[in-house]
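Undergrad: One-letter residues, chain by chain:
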Amino acid sequence: MTSKQIERRFNVLKTAAAIFLALGFALLVITFVSEDPVKAITAFIVGPFQKASRMSNIVEVMTPLLFTGTAICIMYQANQFSMIGEGAFLIGANLCTWFAVTHDKWAGLPLLLVCFIVAITAGIAAAIVPAVLKVKFRANEVVSSIMMNYVLLKFSDYFFYYYFRDVPSGQQASYPIPAQIKMPKLIPGLRLHAGVLIGLAVAVLAYLFVYRTKWGYAVRMVGANQNFAKYSGISVMSVALSTQLIGGGIAGLGGAVEILGRYERFVWFGTQPGFGFDGVLVGVLAKNNPLLVPVAALFLAYMRTGADVMNRVSDVPIEFVDVVQGLIILFVAAEMFMAKYKHKLIVNNAKKQLEAKEAAE
Amino acid sequence: MELISQILDLLLTPAFAATVLRITTPILFAALGGIMARRCGIMNLALEGSMLTAALFAVVASALTKKAVLGGVSAALADPALVSKATTIGMIAGFVAGTLAGVLMALFLAYMAVGLRADAYLAGLAINTMASGGTVFILYLAAGEKGVSSSLDSGAMPFIDLPIIKDIPVLGEIFSGQNMMTYFAWLCVILVYVILFKTATGLRIRAVGENPHAAESVGVNVKKVQYIALALSGLFCGFGGVSLSMSYVQFFSRGMTAGKGFIGMSAMNLGNASPVATAIAALLFGFFDALANVMQTLSIPVQFVQAIPYVATLVGLVVFAIQSENKVKKLKAKQAK
Chain A
1 MTSKQIERRF
11 NVLKTAAAIF
21 LALGFALLVI
31 TFVSEDPVKA
41 ITAFIVGPFQ
51 KASRMSNIVE
61 VMTPLLFTGT
71 AICIMYQANQ
81 FSMIGEGAFL
91 IGANLCTWFA
101 VTHDKWAGLP
111 LLLVCFIVAI
121 TAGIAAAIVP
131 AVLKVKFRAN
141 EVVSSIMMNY
151 VLLKFSDYFF
161 YYYFRDVPSG
171 QQASYPIPAQ
181 IKMPKLIPGL
191 RLHAGVLIGL
201 AVAVLAYLFV
211 YRTKWGYAVR
221 MVGANQNFAK
231 YSGISVMSVA
241 LSTQLIGGGI
251 AGLGGAVEIL
261 GRYERFVWFG
271 TQPGFGFDGV
281 LVGVLAKNNP
291 LLVPVAALFL
301 AYMRTGADVM
311 NRVSDVPIEF
321 VDVVQGLIIL
331 FVAAEMFMAK
341 YKHKLIVNNA
351 KKQLEAKEAA
361 E
Chain B
1 MELISQILDL
11 LLTPAFAATV
21 LRITTPILFA
31 ALGGIMARRC
41 GIMNLALEGS
51 MLTAALFAVV
61 ASALTKKAVL
71 GGVSAALADP
81 ALVSKATTIG
91 MIAGFVAGTL
101 AGVLMALFLA
111 YMAVGLRADA
121 YLAGLAINTM
131 ASGGTVFILY
141 LAAGEKGVSS
151 SLDSGAMPFI
161 DLPIIKDIPV
171 LGEIFSGQNM
181 MTYFAWLCVI
191 LVYVILFKTA
201 TGLRIRAVGE
211 NPHAAESVGV
221 NVKKVQYIAL
231 ALSGLFCGFG
241 GVSLSMSYVQ
251 FFSRGMTAGK
261 GFIGMSAMNL
271 GNASPVATAI
281 AALLFGFFDA
291 LANVMQTLSI
301 PVQFVQAIPY
311 VATLVGLVVF
321 AIQSENKVKK
331 LKAKQAK
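Those protein sequences? They're chains A and B, same order as listed.
Counting along the first sequence from 1, when you hit position 208 you're at 208 in this note's numbering, and nothing is skipped either side.
Counting along the second sequence from 1, when you hit position 28 you're at 28 in this note's numbering, and nothing is skipped either side.
It is worth saying that the hints were derived from the structure and are not from the lab.
Watch out, some of these pointers could steer you wrong.
If you only want the chain B side, here are some residues facing chain A, beta carbon under 10 Å, derived [to be verified]: (1) I160; (2) A258; (3) T313.
Keep in mind the model is a prediction, meaning the values are calculated, not measured.
Glycine included, C-beta positions come from ideal geometry on N, C-alpha and C.
Isolated chain B, as found in the complex (with noise of 0.2 Å):
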């Protein structure tokens, strides 16, 4: 009982409302990039090495055009001005090269599995494995370290304080003064719907997915469509990866995804890649996520807590299943009659 009451001291407090919510951010990125390779009917699996990479390459290109503006000067002792306007200029570098890179490597496993037909899984898992390589290769390279990249200066994504809401007792907590990239992630569940609900392309992704060769009769070019899916899935992931290492952090860890675009992935399933439902569901990762976060400071062995989101993905995937299914049934009764 101490336990319970110990428990829910800890969760019935805005930060860790607000914890949630950071801890969501880069999930629901990869979540919205699964559901529009899910939406043209490819499982991307490199969600979780698209990310990765996109979380090196925004640190190394921030820490470089940074280091370029200041031209060799060290932060602490250039010019104010200068050192503002090199923050500026490394963030924003850092955000493109981020971008792009999730949406290269999305692009790469689309050449494979739609340009040179591989089979999407094993395409999925090469590319993790070259990413989950590769990055560290790539940071030794640049920082001449293996683990974290601690000796590149790189920027961060502003935090940003919403007017009136700050000043709200307990929601000012919550949703004020969080990161640029946790508001975009949100802005970017409308987007994903806008463009599939709303657009003609969103409208092609949709019937691709659904069934290629009814799609291809029309007209339909099945092929373009599926890679710009795929890119914008990349896009997503990009973002993702900007979220994890420009923002609450600003270094890069290996492996520093740690399953993330898998955990997004199953948000998606779980939510039938639906954008609004998907979101709900990355939330419900991301708060057991953030429970396993703060239940480390009870007596409770650390494992069984970090377990928690993936045991609870397991059971997401069985609710989904059983989801289905008794849609199907429910379709079938009504044809019956």
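In isolation and in its complexed conformation, chain A is listed as follows (with noise of 0.2 Å):
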């Protein structure tokens, strides 16, 4: 074996024990809070595999993740550590629908794809802010991006309740969302809707960029050793910043991918999705390979729906499966985490090629 090899045996099986270690967590909690565990755990593992809807349910929930943790991705490997995906997944359908509403006389596609293109701009806007203040002032990027999705939460409740806010309706809720722009149902009599294809190309895509381009490469080598890639003449901050901005124009087109296939009317007000900090997790999981970015957020949307099912059929909140994300990023994050076993395999390695060098000989 090869030291990469070993690298990445070793990071799948971290990876793995760092599940279920948290989930074995969640069960516990589960078995000391709830009355009835055993119908808790089923509900929640195999709850969202007992009826077509669910599993329609867990593909629609893993849709955002695709575009919020490929946005993580891309950033994450130039170790720009921005949470603009928050606020860019926000504005991004905020925008988008405004612009639906407000044009619905447009035929289906032409309609369609200028609201993406808003949606991405929307995105790549919040983005910007954070960006510039990083390679501009050298702000840190985890607390300006922060601020700016409150910012871009108010702005986004600003926009909505002065401008496509459907006031005789009495509900809090935008005009409906023009039918002929509603993301496609895949299946019939399920909510799966074409979105998810948009997400997993965009996390190809990705990928081919980050790992098939010339550009990809600098942001690689500015992730892996800044300085290094400094001498070698690659410009730094226009990396910070392209891969910055690039990762808001991923979550503001999930942003509208979301709210035109699962939404009749733009409903989020007062509160943030979540879903960029969800990123993050499918992120940290995916190790940053936008490749793996579909199999970390079918994990995610797999615990999530479950956690739904089990609440609603027993007494456990949903809210303990934040605990079990953050526990997940905490372990695959954590650099000791297994490394005594790491060395082990290292040196079993080194011991087998030695003994194979020596037996040669």
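Build the complex from these two chains, which are given one at a time in their own frames, with help from the hints.
TA: Here it is as structure tokens:
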């Protein structure tokens, strides 16, 4: 085995161990707090597969995570820890809905394309602030992007409330989204929509960008060793800027797909939908490789659907999933977690190679 | 013009100044927590989650001990002496539990970031995620509710009338009658200054933050110092949590920190981790937050007003960056000479 193979095998094992430990903790907590733990655990683990509608729901829940997860992957590849995915997602959905409801006479395809462009532009525009603050003023992008998310939330609330809220309807909702641009349903009778295909395409394109283009190489170089990249003539600034903007754009598109796929009206008022933070877990589980994002997103979607089922049929509140989610991130991110095992793997491998060498001589 | 004079009318009152002090309190505590972490070389992004957890545990512990002391008798029917005893014990229990929760959260971050060498940013974000879900989960278990802990009868830290000052016209209205935690926060500014600059531990913390390798080479136990600094960081987050849920309001509500931990961290950034400058920056953010509150009564869309503190933080980050760049330039110019 080469050291790269060892690294890969170890990463897979470590991620699996992290997931199992976190889920084990979850089961333990459920057992303690629930009156009927067997029912709750069954609902959590098996529940998502019990009905076709729930399985369709898993894919639905996974769809936005494909976008925010991919956005995180691209930014984290270059060590840009921007959290802007959250705000970009929201503002993308917001402006997409605004454009759609104000131009509802347009035909389907052109309107859809323009709506996507609006959402992507909105996402990029959202990401500009923390990105420029980072490269121009070296302001920490984690803090500035989180602040920016609050600003975007307030802007989204304002814009929704004063520009496209359906006042006569009496609900806290926008005018209905025109039917011609809703995401088509993939299977009759299920809510599963075509957005998942766009999400998968985005993940694959992002993979090709990061691993198969010169620019992507520069991105990975900056992530691996910023000083080395700088001395090799790579513009660290433009990489930092471009990855954050691309991330914002992808998250913005995700917002549009989510709102056109699952909602009749824009209803996110006063709270952040939270997909940006979920994207962090997806990115961490995927080891920042966009090609693994669908797997990671599927897992998280399964867990969330399970928790949702459990929340409905038993007495365990859905919020405990956040704790499990945080635990998984911690275990995967902890370098020293299973470090002894990794050490053993490397030593054993070296011994084997030595023996093979001696035998050959 | 009319709008401006309206705003000025609202601002130039002692009540507004008192509000600023009140709103600054949790921000200041978070900022002090941020200082301790930054000074030892670790960004504590978990300030937000630590404060939230502390706020919850303060309320739960306070309500539970109060109930236990009363022995199941409703407060309205019980003997007044017993009620006052229960209130006092509940208050102390809440304060202790909240503080402990803050410290434990910070030690958890320390174990992850220092002990297991996880990326401190990721660990901080993960802890925040855990705290935002976990607090709702625990609230549900303790009170059967997911939003506000209204069924828990928790207490408040005492409100204090300052002698002499309370009788001075304007000053009295501003400075007297605030909650104990507000005064305590400003005492903690001095405390942080003393810890950092007048004690051996503080010197070690600063040395580790400046250059861990250099500190290690002269025999400083870097890990231990970072654990201590982060524990102190958590201590102030704990105070911050108590000041959120046991002073001007006496309940816990989900997500009640609402970014105050991050604003505190920005204040720390703006003040460049110096206690006094950070306190002034925290006051500035408190001012904007209070401004947002009073301007809601005017004909400005409320969202714009609510966005002010966050925009101010972004501006603050830029100001801080320009400031430190100028410093570097000056130093370089000096060296060139």
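Undergrad: Okay, which hints does this one fail, numbers in order?
TA: As far as the earlier hints go, only 1 is violated by this structure.
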